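J.: Take the sequence shown: its position 322, counted from the start at 1, is 327 in my numbering, and no numbers get skipped.
Hints were generated in silico from the structure; no laboratory data involved. A few of these clues could be false.
[Said to hold, decoys possible] Beta-carbon label-pair distances, calculated as ranges:
no., residue 1, residue 2, range
1, His243, Asp411, 16 to 26 Å
2, Gly288, Pro232, 38 to 48 Å
3, Met341, Thr55, 39 to 49 Å
4, Glu244, Gly288, 13 to 23 Å
5, Thr55, Ser417, 56 to 66 Å
6, Thr55, Ala95, 54 to 64 Å
[What the hints assert, rightly or not] Computed cross-link-like contacts, DSSO-like style, restricted to lysine-lysine with a CA-CA straight-line distance of at most 27 Å:
no., residue 1, residue 2
7, Lys333, Lys414
8, Lys197, Lys332
9, Lys332, Lys414
Quick caveat: nothing in here was measured; it's all calculated off a predicted structure. The C-beta atom is built at its ideal place from N, Cα and C for all residues, glycine as well.
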Amino acid sequence: MCVEPIEPPSGRLTRRGVLAASAVLAGTATALGSGASPAAAAPRTSRPGTAGDLVVEGGTLLDPATGHVTEDAVVVIRGGVVRAAGSRDAVRGQLPADAPRLAAHGHWILPGLVDAHIHLNTAAEARDAVRKGATSARSGSTNFYQDIAVRELARQAPERAPRLRAAGVFVTPDLGDTVLADPDLTPLARLKDGVRSAQALRRVVEVNLARGADVVKTRVNERAGLPEQDPLAQVYSHEQLSEVVAAARRGGKGVLCHSYSEQGCHDAVTAGIRSLEHGAFVGERTLREMRRRGTYFTPTLTAIAGLATSSDPVLAERGRTYLPVLKKAVLAAHEMGVPLAAGTDSSGGSVRPIGGEVELMHAAGLSPLDAIRTATTGAARLLGLAGTAGRLDRGFAGDLLLLSGDPLKDLSVLKAPSHVVRSGLAV
6 MCVEPIEPPS GRLTRRGVLA ASAVLAGTAT ALGSGASPAA AAPRTSRPGT
56 AGDLVVEGGT LLDPATGHVT EDAVVVIRGG VVRAAGSRDA VRGQLPADAP
106 RLAAHGHWIL PGLVDAHIHL NTAAEARDAV RKGATSARSG STNFYQDIAV
156 RELARQAPER APRLRAAGVF VTPDLGDTVL ADPDLTPLAR LKDGVRSAQA
206 LRRVVEVNLA RGADVVKTRV NERAGLPEQD PLAQVYSHEQ LSEVVAAARR
256 GGKGVLCHSY SEQGCHDAVT AGIRSLEHGA FVGERTLREM RRRGTYFTPT
306 LTAIAGLATS SDPVLAERGR TYLPVLKKAV LAAHEMGVPL AAGTDSSGGS
356 VRPIGGEVEL MHAAGLSPLD AIRTATTGAA RLLGLAGTAG RLDRGFAGDL
406 LLLSGDPLKD LSVLKAPSHV VRSGLAV
């Protein structure tokens, strides 16, 4: 996790106050105001705050679920939802006369991608993620509940943010300035050993749930992105992780867990987490347990590959060492039947294209179609969006990408979509 420190909000502990304060942090107040200026090259098909109507025609449609390819395809979006998708002949008679048209001739049409691990702190980052192809996402946590506000922004102005599952604040031993994210967290600042007791762990989870978090994020190991930390050092035991999972489950939520060491991965998985994040040194025994339990693996290859190019020699060596090990773990997981989800772990103001993670999944040994599935149907299931995202079929969200080439032959086209449509709105 790499989130930048940001000034905390001050506000009343009402639902309205929480969202208003978070909106200020995320920059959404300006984005939703009448003074916001739209992107120059993004034609608007509907007024802000509503879903759009659009007919996309003439491209080659790929269905990630089946691998079926349809030439001269047409996708009909009404009110931000796909009403029909298929060959021109199959869709004939369902074309609304009044909907705007987007010519896709010479392009491939794919559903919008899903980034299952991203840190969105501002409205600018949220919009950048959408422009780079992530029309749905899961937060990897923020310092002061900015992701809660980004989720609301996505509901009010879908072209400005991905459909988001928010994680709230990180359940970690040292909260730092995050104790100021909510007055109910401030008593934890006096704890000598940090957030480690069962009561303290439950408190952070409960505050997250009260704030409206969709998922809970915790850790079992230290960070790889800080040279002074040892990513193989374990910070929470199996018992402590079980407390976090139990508290989240009482609120009907799952847990994603930052991890690196094999023992840490095994403790996290057997404690009942929903998805394992990073997991460079996950071993066969843990992968078998993940397959048995249906635990997802979100390896964030993009983040680990980024370490290898760091100017810090410790981080560069760490990245060079970890990346090949992680790629082997990804392939082993895939061959074993462990569900995979693509996530960039973007943070700190820099949003990496989710298409790059798909490329790295392929580099790890997955076929192009299976790699695409990690950022479409697979990630959608992890986020609880199996009937909403990841496909372009009747009843699914009107989120799609137009690509300049065939992604089954060249996955690099996913990193720079020619057009992005979010909820029927051209971005």
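J.: I want to verify a distance hint. Is the separation of the beta carbons of Thr55 and Ala95 within 54 to 64 Å?
T.: Between Thr55 and Ala95, where Cβ atoms are some 28 Å apart, the hint is violated.
J.: Is it true that Gly288 and Pro232 lie within 38 to 48 Å of each other by Cβ?
T.: At roughly 25 Å between Cβ atoms, Pro232 and Gly288 fall outside 38 to 48 Å, so the hint is violated.
J.: Range first: 56 to 66 Å. Now tell me if the beta carbons of Thr55 and Ser417 are that far apart.
T.: At roughly 34 Å between Cβ atoms, Ser417 and Thr55 fall outside 56 to 66 Å, so the hint is violated.
J.: Given the range 39 to 49 Å, decide if the beta-carbon distance of Met341 to Thr55 lies inside it.
T.: 44 Å, holds
J.: Given the hinted pair Lys333 and Lys414, is their alpha-carbon gap at most 27 Å?
T.: Roughly 22 Å between the alpha carbons, so the hint for Lys333 and Lys414 holds.
J.: Quick one: are His243 and Asp411 within 16 to 26 Å, going by C-beta?
T.: 46 Å, violated
J.: Run the distance test for Lys332 versus Lys414: straight-line Cα separation, threshold 27 Å.
T.: Holds - the C-alpha atoms of Lys414 and Lys332 are around 21 Å apart, at most 27 Å.
J.: Please verify whether Lys197 and Lys332 have alpha carbons no more than 27 Å apart.
T.: Answer violated: Lys197 to Lys332 is near 39 Å, above 27 Å.
J.: Does the Cβ pair Glu244, Gly288 satisfy 13 to 23 Å?
T.: 21 Å, holds
In terms of the numbered hints stated before, the structure departs from hints 1, 2, 5, 6 and 8, listed from lowest to highest.
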